[in-house]
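Visitor: Counting from 7, one number per residue, gives the positions in the sequence shown under the working numbering.
Read the hints as simulated data drawn from the structure, not as lab findings. Check each hint, because a few of them may be wrong.
Pairs of lysine-lysine residues, derived as DSBU-like cross-links and limited to a Cα-Cα distance of at most 30 Å, are as follows [unchecked claim]:
hint, residue 1, residue 2
1, K37, K63
2, K37, K95
3, K37, K56
4, K49, K73
5, K95, K54
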Amino acid sequence: FYFTAIDARTISARELLRQMESSRFRDSNPKLAVNVNIHYSAKAPVVKFKFIDDSEKSFDSHQFVCKEIVDAVFIKAMQIDADFEIAGKSAEDLF
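Starting from the given sequences, assemble the full structure and let the hints guide the process.
Guide: So, in structure tokens, the structure goes:
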């Protein structure tokens, strides 16, 4: 997460951060790492995800509502899971 705390464009980023730091997310994925960079500049808010396969997905969060970001990340995670299954691998093998 990279955003200015008082910028109105950060609504989706702040809501997503709130959800990601909830006990529900932490309990279901204890290896989840959340990095937050709060700045005081005019730069657009960015939410960036790095997945287990080292792929990345970034969002200008002011262009998306929180649910759209969550849905896109879920779809990407499901694709990675399917790719691992097809290759006969498990995400647990990486740890």
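Visitor: Give a verdict on every hint.
Guide: Now for the hints, and whether the structure bears them out:
no. : hint       : in the structure
1   : K37 to K63 : holds, 18 Å
2   : K37 to K95 : holds, 19 Å
3   : K37 to K56 : holds, 13 Å
4   : K49 to K73 : holds, 22 Å
5   : K95 to K54 : holds, 25 Å
In summary, the structure agrees with every hint in the numbered list given earlier.
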